[in-house]
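We have chain A; now place chains B, C, D and E with the ligands onto it with these hints.
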Amino acid sequence: MTGVVKRVGYAVGLPAVLFAAWWVSTANSDNFYVPPLRTILETFGQLWTLEKLQADVWPSLWRLAVGYAIACLVGVALGVLVGSSRTVRATLEPVLEFFRAVPPPVLVPVIMLFAGIDHTMKIVVIAVGSLWPVLLNTVEGVRAVDEVLSDTCRSYGLTGVARLRHLVLRAASPQIVAGMRQALSIAIILMVISEMTAASNGLGYTIVEAQRSFAIPEMWSGILLLGLLGFLLSMVFRFVENRALAWYHGLRRAQRGS
Amino acid sequence: ACGGGSSDDEASSGGVTAVKVGVIPIVDVAPIYLGKEKGFFATRGINLTMESGQGGAAIVPGVVSGQFQFGFSNVTSLMVAQSKGVPIKAVANGVASTGKTGADFGGVVVKANSPIKNAKDLAGKKVAVNTQKNIGDTTVRESVRKAGGDPSGITFVEMPFAQMPAAVDKGQVDAAWVVEPSLSVAKDAGARVVAWNYVDAAPDLTVAVYFTSTKLAQENPDMVKKFSEAMAESLSYANAHPDEVRAVLKTYTDIDQVILDQMTLPMWPTDINRASIEQLAKLGQADGVFTKAPDLNQLLPQS
Amino acid sequence: MTNVTHAGTGATGPGAVPPAGGTAARRGPRTALLGLAGLAGLLLVIEVLPHTGLVSARYLPPTSRIMVALVEQLGEAEFWSALGDTLVAWAIGLAVAVVAGIVVGVLIGAVPVLRSVTSSTIEFLRPIPSVALIPLAVLLYGTEIQSTLLLVVYASFWQVLVQVLYGVQDVDPVADETARSYGLGTWARIRHVMWPTALPYVMTGVRLAASVALVLAITAQLVIGSPGLGALISRALASNAVPAMYALVVVTGMLGVAINLIARATERRVLSWHSSVRGEVIA
Amino acid sequence: MLDVRGLKKVYEGRQRQVEAVRDLTFTIESGDLVCLVGPSGCGKTTLLKCMSGLLAPTAGEVRLDGVPVTGPPPGMAVVFQEYGRSLFPWMNVRDNVELPLKQKKVAKAERRRLVDEALAAVGLADAHTAYPWQLSGGMQQRVAIARAVAYQPKVLLMDEPFAAVDAQTRADLEDLIRDLWRKLGVTVLFVTHDIDEAVYLGQKVIILSSSPTVVREQLTIDLPDERDQLHTRALPRFTELRGHVYEQIQAAKRGAGTVDEAVCAAEGADDKAVVGS
Amino acid sequence: MLDVRGLKKVYEGRQRQVEAVRDLTFTIESGDLVCLVGPSGCGKTTLLKCMSGLLAPTAGEVRLDGVPVTGPPPGMAVVFQEYGRSLFPWMNVRDNVELPLKQKKVAKAERRRLVDEALAAVGLADAHTAYPWQLSGGMQQRVAIARAVAYQPKVLLMDEPFAAVDAQTRADLEDLIRDLWRKLGVTVLFVTHDIDEAVYLGQKVIILSSSPTVVREQLTIDLPDERDQLHTRALPRFTELRGHVYEQIQAAKRGAGTVDEAVCAAEGADDKAVVGS
Ligand SMILES: Nc1ncnc2c1ncn2[C@@H]1O[C@H](COP(=O)(O)OP(=O)(O)OP(=O)(O)O)[C@@H](O)[C@H]1O
Ligand SMILES: Nc1ncnc2c1ncn2[C@@H]1O[C@H](COP(=O)(O)OP(=O)(O)OP(=O)(O)O)[C@@H](O)[C@H]1O
Ligand SMILES: [Mg+2]
Ligand SMILES: [Mg+2]
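Protein chains in written order, with the numbering used here: chain A, 356 to 613; chain B, 147 to 449; chain C, 48 to 330; chain D, 6 to 282; chain E, 6 to 282.
Simulated from the structure, these hints should not be mistaken for laboratory data. Careful: at least some of the hints might be erroneous.
To be verified - Pairwise CB distance ranges (calculated):
#, chain 1, residue 1, chain 2, residue 2, range
1, D, Val15, A, Lys361, 55 to 65 Å
2, C, Ala79, E, Thr134, 26 to 36 Å
3, C, Ala147, D, Ala112, 53 to 63 Å
4, E, Asp184, A, Arg362, 50 to 60 Å
5, B, Pro367, A, Ala420, 50 to 60 Å
6, D, Thr225, E, Thr225, 15 to 25 Å
7, B, Gly248, C, Ala79, 50 to 60 Å
8, B, Gly270, A, Ser380, 49 to 59 Å
9, B, Gly270, A, Ala420, 27 to 37 Å
10, A, Thr394, C, Leu187, 14 to 24 Å
Where a beta carbon is used, it is the ideal one built from N, C-alpha and C, also for glycine.
Only chain A is shown next, with the shape it has when bound in the complex (with noise of 0.2 Å):
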């Protein structure tokens, strides 16, 4: 009980401190573009109704549902393969690097012209943009499997798909999982830059039209959704990865002394 009460205070705490400097920094404010944050949030209130949060919100997250997905699929599927190859690793990565350094304001316009304007396009920048961490992450995981589970997986015969399942994937995941934790607030990075272009509606395309339209308040109240979206994201993340990692946290655990 108190565990709980402690956790929330935690997780409340600095926030509710900041937002506090926040308030108090701003409520005098005459810039602009720095309104006060009671302002913020009145408008905050006013914006974000249930009909709106359906109309933007909704498409939004589900193209960053699709998208990231693809993204964790993809970056462990090619991940493995880089990772467990010195050969394909040599040929790949170059090639590799030299997408993750495009920017993806400018790979926009390339992949329109594969994917269109569609859902497909937004997917696809989501998919591409948020790839990097977890491919990355699952490349360095599986070149460090342990050498000795590695031979006692050889020894037993383990080869192949058993191989990846029991040992590959598994002796990975602690990392795999930091890397779709990063890609995770990438893609939520990438939804709204994916939107600055043929989009029409979303929680990205309103921030941008916000900002646009100097409609300031509007677009704080989007950061903050943002913020808080990815919060929340954060947090359903957290509660699977305390689930598939419990081995590997209860693991720490119990070496540190219960």
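Same frame as chain A, now just chains B, C, D and E with the ligands:
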């Protein structure tokens, strides 16, 4: 400093005032580059530098915060800003439509084999514009309206001008409103122009203007005046010397020589066409671009 | 990174039967050749693509055309100064982000309470896109390099921080207990146990951050218009100069490849003891 | 049937180049139980890894039933010296033991039986659901042994498998291995540092020299096949053999030139010490 | 001076709750050399971790010189059972040994000498620049021992430190520890499964019961202080003591009810087996 009462001490030295202008590196701002080259600003004690930004997102806040002394923006955006209470003021004309159907610097294009033959056919179609709720969609709607169509069913899709020729070509949109040089590129690829929306919106429509912050306008009217004068001189010079315009374009854009030679240049009248702006304001209001009517007296310079 | 349970200690032998012949010295050129082959493959695909009719050469020019545009760019002084601007923004931004990320990460990792206190705030701030900060950046710094830096640092800081946090969590308890039992204080443990354990994660974080910083440096220049490759791309876009635009994109991609090469080389040096690297050097 | 011919292994490090094994040649017949002893660091683990196809030798070869070993051959089980690291931390004890059987496509009921039996045999009948990291060192080692036992291999390679268990458990496990060997006819190669254990378990003891490593002696243990902890260890022949092996290992260590003072001091009377103990 | 009072440790897992140690009370005098034996999994490692302040006990307490131990006390060195994982893979052997000395602010020249001596004493004089993962299991274990020895601790806790080394090296290391103990007057607690070793090394042997763990017996080893591998092991009293300890451990294991058939079979005649071997 020069006697002009420059309050911006650090920006001025030896009778010369340093002025930064936020511009978009497109055809429309050729006169300011040309004017600088010709020394119209230097003779007035202005040391001009151009900072290029991609549209209002960067330029307006830059001007409001005093990072830039002046900025370039299309009229609708400025009216939106003004109606939202952004403290800005137009100081010089920017660019205007040629007013000639068939020979303007912006228009609505469709694919060569498109069933869309004229503006009326655009009703209910998917049309690309660079920004929604801005000058593009309001003027296109007006074109359709004037041609006897119903603009309410048009779906507007946002994308940068540069991507529009490809999008039209691949059938991703039915039509696109493009300006030069993308207009010429699209035409080169076989696209047809079905509407000249600037021309349809108002005669000799003023499309964009140079503006400053109200703060600067109040504190340093002298500098604003000098800038306006220099701009006016640059505009009329540009209007009179299209060849030099094409030449100066090569210094700050990457437009292909072929396109450069064939593209239509806009008009650069010295004065802001207030009537056309009122018309734009009306259109914008009808389309719900403004929540509150912009105060044009506040925004536009007294003439 | 580290093998999960047992932070990669004392193994007796490399895990795999090594391929015939190959010390590090001999493997170098092979890796380089394979990498070049990969890039060549990519270029070939781009060369061929427009000829298949899938896309028009007008919108995605073939490699040969891009290369011509690239050579044109290389001949211009403007290009080189833009490249310099981009690299400067990238380097400063990355350095600041990496240092800040590591310091904050280790601090949070070393003091468990801090971790609980900050985690919600971190999760809140992290997904806020840098692009949303553009007005703020311009407001504060106009088109000066600081605007770019603000965005670069904001975006790449999280990459490093999160990796460091995961790395710090991966410290092998037996190793840590050993250090504690020998009376190594907090600082010594951070230096000798936590830091080496987190190092592989940090390296990944730096590699992620390096390209994010590059991406953001260029994006910021693209949108804000501060000088650099991004501004050139923006100009090429506005001018519909498609080959020039792709030439610049190729340059950014190549920068990415170069940055990765450097990062990999550094990694081989600092992580020679790590099972992910040693398997490749020894054997 | 397990043929090691001219085996040589050199580890190439950046600064260090270690010749772990110089030249080993010996044969293990099918159904043999061979113990391998040798000074610490002489290359026993290296040899085992080469034999199990996990490590490619620098020169020479290993043949199993006449076929050169290039990768892990089927039907071979290995118990690694680093027992702790050879268990999957994400699986509980039961799953760890069961996994190779699944891979071998053993039917479910049979699998169940084999796992239960193996775990009971190593004295871990009640630890099925624990994770390896919840176990003591000796328990972990026994899980690794149970896994190898349940697998019912044709060839069993064990690298100091009883190092972390107490004397009584050790005796039990020794008998377990001999039982298994006699019942199933499995070929066993057993690395140990415990000389008593080597003599008690093996049909043959191979003694390695210290680095640069060669085979120092192949000793046939001419004790009766029927052994038990009580009587066998009491046989005079046992004591003799054991003394002999101890002597050989000491000689091996001395030969390597890493002898320090303490060793020298005790040297002169070592045989007696051993015999007397 | 090392006081363990009513120590109890329960590991709380999600499904499993293990009472590793039930109730331990004993005292180790300053300058004692005490050996700890007990069945595998009875809680020796757990006890050591509690004593070194690395693990908080569930109940009871440990006092060092009258002060309750809550964190690792200064001047104490621990050699862990998981030797492989207690070495830092990012440092070479030399740096691994030197690190605690640096931390202790030992002057450079002195540090050098201590490290050289310690590595030479464990027979690793030529492995300074190797990384731990380039060493064999036994060599790794010796590095861990060298680290503890070089540290010159006042209290030395060792958890099965010789499990992975050969018989000869083991004997050398045993003498090394006794030397150290006699010269420096360090207090030593030594966990081992080797009964001979426990009797040979210790002034006192503490025998633990199997789980739920209590102290079964505290046996004073009344052998002369001057010991050597040869003579001491040949003493009749040595054989007696050893037999006694073996018996106690067997009884401990039996009491726990995890006895399987093999054990039962050998039971009746165990004492003899031990004495005779
Ligand atoms: N991965 C490696 N890289 C370099 N040298 C190695 C490696 N593994 C082992 N060696 C060296 O090879 C030699 C033999 O090692 P090995 O582990 O085979 O010995 P061992 O007989 O098993 O010893 P122990 O009884 O102590 O386990 C040692 O000198 C060791 O330092
Ligand atoms: N982290 C842990 N979580 C849960 N149970 C544990 C944990 N560590 C040890 N145990 C349990 O506590 C008991 C005692 O373990 P411990 O490691 O202290 O035994 P030990 O006497 O050192 O055995 P060995 O001689 O085999 O090393 C065992 O039953 C073990 O399963
Ligand atoms: Mg070994
Ligand atoms: Mg233990």
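Distance restraint evaluation - Pro367(B), Ala420(A), Cβ atoms, bounds 50 to 60 Å: holds, 56 Å
Consistency of beta-carbon spacing, Lys361(A) to Val15(D), with hint 55 to 65 Å: holds, 58 Å
Supplied distance hint 27 to 37 Å, evaluated on CB atoms of Gly270(B) and Ala420(A): holds, 32 Å
Cβ separation of Gly248(B) and Ala79(C), checked against the hinted range 50 to 60 Å: Taking Cβ atoms as reference, Gly248(B) and Ala79(C) lie about 58 Å apart, which means the hint holds.
Thr394(A) paired with Leu187(C), Cβ distance criterion 14 to 24 Å: holds, 20 Å
Satisfaction of the hinted span 50 to 60 Å by the C-beta atoms belonging to Asp184(E) and Arg362(A): holds, 54 Å
Range hint compliance [Cβ, Gly270(B) to Ser380(A), 49 to 59 Å]: For Ser380(A) against Gly270(B), whose Cβ atoms are near 50 Å apart, the range 49 to 59 Å holds.
Distance restraint evaluation - Thr225(D), Thr225(E), Cβ atoms, bounds 15 to 25 Å: Cβ of Thr225(D) to Cβ of Thr225(E): about 44 Å, so the range 15 to 25 Å is violated.
Ala147(C) versus Ala112(D) beta-carbon gap, inside 53 to 63 Å or not: holds, 58 Å
Distance restraint hint 26 to 36 Å, applied to the beta-carbon atoms of Ala79(C) and Thr134(E): Between Ala79(C) and Thr134(E), where Cβ atoms are some 30 Å apart, the hint holds.
The structure does not agree with numbered hint 6 stated previously, though it agrees with all others.
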